[in-house]
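Colleague: For this one, chain A is given, so just place chain B on it according to the hints.
Sequence order for the protein chains is A and B. Residues in the first sequence are numbered from 579 upward in steps of one, following my numbering. Residues in the second sequence are numbered from 579 upward in steps of one, following my numbering.
Mixed in with the good hints, there may be bad ones.
Just so you know, same-sequence chains aren't split out, so a pair can sit in one copy or run between any two.
[Said to hold, decoys possible] The calculated lysine to aspartate or glutamate pairs, modelled on EDC-like cross-linking and capped at a C-alpha distance of 16 Å, are:
(1) Lys609 with Asp637
(2) Lys585 with Asp725
(3) Lys869 with Glu882
(4) Lys585 with Glu834
(5) Lys869 with Asp586
(6) Lys789 with Asp914
(7) Lys905 with Asp915
(8) Lys609 with Glu633
(9) Lys609 with Glu634
(10) Lys585 with Glu726
(11) Lys789 with Glu928
(12) Lys685 with Glu882
(13) Lys704 with Glu841
(14) Lys789 with Asp754
(15) Lys791 with Asp754
(16) Lys704 with Glu630
(17) Lys704 with Glu839
Quick caveat, the hints were computed from the structure, so don't treat them as lab data.
Number of protein chains: 2
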Amino acid sequence: MPNVQVKDLGTQVNSDVTVTGWVVTTRSSGKIAFLVLRDGSGYLQAVIPKREVEEEVWDVFGTLSQESLVAVTGEVHAEPRAPGGYEMLVRTLVRLSPSVEYPISPKDHGTPFLFAHRHLWLRSRKQVAIARVRHEVVQAIRDFLNDEGFTLVDTPILTGAIGEEAGNLFATPYFDLGEAYLAQTGQLYVEAAAAALGKVYCFGPTFRAEKSKTRRHLTEFWMVEPEVAFATSDDNMRLQEAFVSYIAQRVLERRESELQELERDRSALERIKAPFPRISYTDAIERLHAKGSPITWGQDLGAEDEALLAADHERPLFVYNYPKEVKAFYMKENPDDPRTVLNNDCLAPEGYGEIIGGSQREDDYDQLLARIQAQGLDPEAYGWYLDLRRYGTFVHSGFGLGVERTVAWMCGIPHIREAIAFPRQIHRLYP
Amino acid sequence: MPNVQVKDLGTQVNSDVTVTGWVVTTRSSGKIAFLVLRDGSGYLQAVIPKREVEEEVWDVFGTLSQESLVAVTGEVHAEPRAPGGYEMLVRTLVRLSPSVEYPISPKDHGTPFLFAHRHLWLRSRKQVAIARVRHEVVQAIRDFLNDEGFTLVDTPILTGAIGEEAGNLFATPYFDLGEAYLAQTGQLYVEAAAAALGKVYCFGPTFRAEKSKTRRHLTEFWMVEPEVAFATSDDNMRLQEAFVSYIAQRVLERRESELQELERDRSALERIKAPFPRISYTDAIERLHAKGSPITWGQDLGAEDEALLAADHERPLFVYNYPKEVKAFYMKENPDDPRTVLNNDCLAPEGYGEIIGGSQREDDYDQLLARIQAQGLDPEAYGWYLDLRRYGTFVHSGFGLGVERTVAWMCGIPHIREAIAFPRQIHRLYP
Chain A
579 MPNVQVKDLG
589 TQVNSDVTVT
599 GWVVTTRSSG
609 KIAFLVLRDG
619 SGYLQAVIPK
629 REVEEEVWDV
639 FGTLSQESLV
649 AVTGEVHAEP
659 RAPGGYEMLV
669 RTLVRLSPSV
679 EYPISPKDHG
689 TPFLFAHRHL
699 WLRSRKQVAI
709 ARVRHEVVQA
719 IRDFLNDEGF
729 TLVDTPILTG
739 AIGEEAGNLF
749 ATPYFDLGEA
759 YLAQTGQLYV
769 EAAAAALGKV
779 YCFGPTFRAE
789 KSKTRRHLTE
799 FWMVEPEVAF
809 ATSDDNMRLQ
819 EAFVSYIAQR
829 VLERRESELQ
839 ELERDRSALE
849 RIKAPFPRIS
859 YTDAIERLHA
869 KGSPITWGQD
879 LGAEDEALLA
889 ADHERPLFVY
899 NYPKEVKAFY
909 MKENPDDPRT
919 VLNNDCLAPE
929 GYGEIIGGSQ
939 REDDYDQLLA
949 RIQAQGLDPE
959 AYGWYLDLRR
969 YGTFVHSGFG
979 LGVERTVAWM
989 CGIPHIREAI
999 AFPRQIHRLY
1009 P
Chain B
579 MPNVQVKDLG
589 TQVNSDVTVT
599 GWVVTTRSSG
609 KIAFLVLRDG
619 SGYLQAVIPK
629 REVEEEVWDV
639 FGTLSQESLV
649 AVTGEVHAEP
659 RAPGGYEMLV
669 RTLVRLSPSV
679 EYPISPKDHG
689 TPFLFAHRHL
699 WLRSRKQVAI
709 ARVRHEVVQA
719 IRDFLNDEGF
729 TLVDTPILTG
739 AIGEEAGNLF
749 ATPYFDLGEA
759 YLAQTGQLYV
769 EAAAAALGKV
779 YCFGPTFRAE
789 KSKTRRHLTE
799 FWMVEPEVAF
809 ATSDDNMRLQ
819 EAFVSYIAQR
829 VLERRESELQ
839 ELERDRSALE
849 RIKAPFPRIS
859 YTDAIERLHA
869 KGSPITWGQD
879 LGAEDEALLA
889 ADHERPLFVY
899 NYPKEVKAFY
909 MKENPDDPRT
919 VLNNDCLAPE
929 GYGEIIGGSQ
939 REDDYDQLLA
949 RIQAQGLDPE
959 AYGWYLDLRR
969 YGTFVHSGFG
979 LGVERTVAWM
989 CGIPHIREAI
999 AFPRQIHRLY
1009 P
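Chain A extracted, bound-state conformation (with noise of 0.2 Å):
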């Protein structure tokens, strides 16, 4: 009998096969049990009428409890109101392996019995869901930046080098050569390699030993962060709202069936269509004021901020030229205000806050120094990227994607920690 994953049943209609699979539930009116099985590809109810089979059959049936491994094999028929659109008329079961007090009941359980069962929790519907919307926000990252000509470069997790807040680092040892870091970004080394391939992107884990505990923090998270030569900060926000667009439209387009499973408001993605409207910091701070908020231009946007800011749209919101004292070292001075960078977040409506940073850099050997400088950074460890400033320095810019936050608002789940597989929090390095 063919062996078939529940994906293709559809081409197995009114033929015998044979499905491997876990068991999800099993129920029983005595005459007839239903069994509902998941082989990773899809989900099967496979139907047993005691009368027609076996008394084998009908005897391992007995023996099954959730997460079983079994082997059926039977009738497949196309039924609408089974999940997944088949059934399964069994004629032979066999259990392979069994799953003895499987410690994820149907039940509810709190959050950190779960996290620590996060091995197993994966195999459940919502947490397949997620992951497949997850794997769908990497694929369309990635064509999208291939179909637009960007070529991948690796930049390295282990560095001397130092990318945004100098504190909430994870180091580690180095052989002869003292600490190494990990890295908080690929930036820098996307900046060199701009220069180089014109258009470029790293993809990888990025590491922060930062003690956040909220909602929208992990120690370990993945981000994107395309550069462009010869793109300036206009550019640059006009490639973020189609990017961010382009995501969205390929989730509704490929994962209806995971947003269903999720409940997410479709409506709530339609909308996500390049133009996103756009703020200036300054603008923002009035705005904030005639909201009551106490914020003074110079401060940073907290996270109420943002969500007073993001709450008058449904698009996602563009902040940009925040004040320079605020920023990091490598954003470029706004020629026209001095006081503020050539920079922009992007906030995501429905309260998922920031989920892109982006700038064009500073291309200029003597601001970028003083920068340095001010920002009590030693210049030595930023040798090789000055050097980007000495030798045909470009105009250039580039903006960072965090992976999880973005995975979360598509899926329209309140806490990053279940849009990646293993999350690492202040708390939480097992499974």
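Modeller: Below, chain B alone, put in the same frame as chain A:
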């Protein structure tokens, strides 16, 4: 005048356009000057006939040096002899930024010098070609797996559990949880995910704090690790040969000019087609004896032994079923010869050596626990991994392919350190 990338010049023949790029070379007869530019998308030869341009243009030409950034405007012509196939007859020339004493001149430099200037060296023709082949290899990997129905699952870098050799780990303090280790593999985690999603892969950086100083080792390298529920060791080898063949054919198809730049022998890559020859470890020992090797049954194959075996073949060679004692605890015992395990290595031809290690995983709880204990590992740390054998244990197999080794092989370069933008070696953490 429209700003055009070099790669798009074919659509602009006989039009006037502007190209921005860095100076690769200049030469002049006194009457006519030639300027080769690169803009990250390709190379363009610009021609400046002294009598046909303003004096200023000729003067600007005189100030140019290697890696100056310029904007050239003029008419595009097809010119088969020019690098890239097109030529520009320059009308105006603007120097956007200077480049004084660019360190990497066309003369030969020593390897340590080049790696100390890796951030600039990336701009050279050969390094650009390698970067583009790497991009293609990565995309080939993803496209193959996605088309085969695999789901990407990003596995953690920071981890308490340990994959392979218990030594050779980078460690970092992790808040109140003691030390976290940088993952040597995502395999254990994708095994958990395979029970949720069937066919999965992880693809990220991995770390070995090994003191190996060979041309096939880095401390940080990228690895793709597919894992398949219900696949046997034999299925696993069939997947590997299809996978590797796909990668090679894809590079041949889409990176013709890069392979030419690298002077790669295409015929060597054209021969990489499934099926691959296979030899058991036991037969390999016999063959090695016939070739004069002093190896005895039970020892792991060294690089020299691998080279002797691979030298007999123009395609990659599978060596399978190694002695249990020299292999990792998670490999399934061979029921037909319990001294061995159901694993395989894949040895690339032309001296490139091991590019894949794979195995069927031990799916018996008691056997796995015994192996963990026998290797002196802490069963507590592997509790979650053992759970996979407790709840619906399943036959499954997977493998890991090293990206840098594969890229080096595709490119025909002798050392893997050039196969990644910013290599990390025992003595190198900068730039």
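Colleague: Next, verify each hint and record whether it holds.
Modeller: Okay, the hints, checked on the actual structure:
no., hint, in the structure
1, Lys609 with Asp637, "within (13 Å within a copy, 96 Å between copies)"
2, Lys585 with Asp725, "between (29 Å within a copy, 14 Å between copies)"
3, Lys869 with Glu882, "within (12 Å within a copy, 73 Å between copies)"
4, Lys585 with Glu834, "within (15 Å within a copy, 37 Å between copies)"
5, Lys869 with Asp586, "neither (55 Å within a copy, 49 Å between copies)"
6, Lys789 with Asp914, "neither (37 Å within a copy, 53 Å between copies)"
7, Lys905 with Asp915, "within (15 Å within a copy, 63 Å between copies)"
8, Lys609 with Glu633, "within (12 Å within a copy, 98 Å between copies)"
9, Lys609 with Glu634, "within (15 Å within a copy, 96 Å between copies)"
10, Lys585 with Glu726, "between (32 Å within a copy, 12 Å between copies)"
11, Lys789 with Glu928, "neither (25 Å within a copy, 50 Å between copies)"
12, Lys685 with Glu882, "neither (35 Å within a copy, 58 Å between copies)"
13, Lys704 with Glu841, "within (10 Å within a copy, 51 Å between copies)"
14, Lys789 with Asp754, "between (30 Å within a copy, 11 Å between copies)"
15, Lys791 with Asp754, "between (35 Å within a copy, 14 Å between copies)"
16, Lys704 with Glu630, "neither (35 Å within a copy, 70 Å between copies)"
17, Lys704 with Glu839, "within (7 Å within a copy, 49 Å between copies)"
Figure legend: structure checked against the earlier numbered hints; hints not met, in rising order: 5, 6, 11, 12, 16.
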